[in-house]
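Colleague: Chain order of the listed sequences is A and B. Heads up, the first sequence is in the numbering used here, so the first residue is 1 and it goes up one at a time. Heads up, the second sequence is in the numbering used here, so the first residue is 1001 and it goes up one at a time.
Hints were generated in silico from the structure; no laboratory data involved. Hints are not guaranteed to be accurate.
Listed below are the simulated DSSO-like cross-link pairs for lysine-lysine, each with C-alpha atoms no more than 27 angstroms apart in a straight line [claimed, not checked]:
id : chain 1 : residue 1 : chain 2 : residue 2
1  : A       : Lys44     : B       : Lys1114
2  : B       : Lys1078   : A       : Lys41
3  : A       : Lys36     : A       : Lys67
4  : A       : Lys40     : B       : Lys1114
5  : B       : Lys1114   : A       : Lys41
Pair ranges (Cβ atoms, derived) [as the list claims (entries may be wrong)]:
id : chain 1 : residue 1 : chain 2 : residue 2 : range
6  : B       : Pro1040   : A       : Ala72     : 22 to 28 angstroms
7  : B       : Ser1042   : A       : Glu82     : 26 to 32 angstroms
8  : B       : Ser1028   : A       : Val12     : 41 to 47 angstroms
9  : A       : Leu54     : B       : Gln1044   : 24 to 30 angstroms
10 : B       : Asp1031   : A       : Val12     : 19 to 25 angstroms
Just so you know, these numbers come straight off a predicted model, no measurement behind them. Even for Gly, the Cβ is constructed at its ideal location relative to N, Cα and C.
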Amino acid sequence: DTAVSQTPKYLVTQMGNDKSIKCEQNLGHDTMYWYKQDSKKFLKIMFSYNNKELIINETVPNRFSPKSPDKAHLNLHINSLELGDSAVYFCASSQVGLAKNIQYFGAGTRLSVL
Amino acid sequence: AQTVTQSQPEMSVQEAETVTLSCTYDTSESDYYLFWYKQPPSRQMILVIRQEAYKQQNATENRFSVNFQKAAKSFSLKISDSQLGDAAMYFCAYRRGNAGNMLTFGGGTRLMVKP
Chain A
1 DTAVSQTPKY LVTQMGNDKS IKCEQNLGHD TMYWYKQDSK KFLKIMFSYN
51 NKELIINETV PNRFSPKSPD KAHLNLHINS LELGDSAVYF CASSQVGLAK
101 NIQYFGAGTR LSVL
Chain B
1001 AQTVTQSQPE MSVQEAETVT LSCTYDTSES DYYLFWYKQP PSRQMILVIR
1051 QEAYKQQNAT ENRFSVNFQK AAKSFSLKIS DSQLGDAAMY FCAYRRGNAG
1101 NMLTFGGGTR LMVKP
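Work out the full structure: start from the sequences and follow the hints.
Modeller: Printed below as a string of structure tokens:
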């Protein structure tokens, strides 16, 4: 049973389109994250949500918007896609307050903007 | 801001031998955690090992161990008895101990294992 699942795994789209990536976790965690991995494999935090509140918002374009309908889901919406948005996007989750507080990652979504 | 540096873009090791991957970090915090994640070609990010900054004892997980030098802000990963399945990208990551909990990653080291 997958702990953190992302859909789709691959997404190919045209410039200017709007797309969404879904993320769900069944671990009962209270915090979820989105990371971006660029073509050079560099990973950087984009957002995190704790109890439906945005607690980190790195300097990403406002074309990117995280939406959390409930504690188990954090979806990533991207408007007006640009070539530079091509990357692998990872969702992760953790439980704030636990001493170990490990982040568990989804398998990633490879977004290709043509 | 915290930074994490992995100075070795690529490393190779002979099967069954030992290899050490380097990581240094910069922080003014006293309470933090350090991690090594493995990313095989499947893209999945897999936690390899974790170290709490307040613990002096180096963490070990089977064939994986770390050399944590807090004063030097160094956190290297040693892989013993390397196996073909160890071939992957390895990322060093830092997290503050307090709320926030975002991971700051190094640039990664690609490990190749030769049969």
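Colleague: A separate judgement is required for each hint: does it hold in the structure or not?
Modeller: Structure-based check of all given hints:
no.	hint	in the structure
1	Lys44/A to Lys1114/B	violated (30 angstroms)
2	Lys1078/B to Lys41/A	holds (22 angstroms)
3	Lys36/A to Lys67/A	holds (16 angstroms)
4	Lys40/A to Lys1114/B	holds (23 angstroms)
5	Lys1114/B to Lys41/A	holds (22 angstroms)
6	Pro1040/B to Ala72/A: 22 to 28 angstroms	holds (27 angstroms)
7	Ser1042/B to Glu82/A: 26 to 32 angstroms	holds (27 angstroms)
8	Ser1028/B to Val12/A: 41 to 47 angstroms	holds (43 angstroms)
9	Leu54/A to Gln1044/B: 24 to 30 angstroms	holds (26 angstroms)
10	Asp1031/B to Val12/A: 19 to 25 angstroms	violated (43 angstroms)
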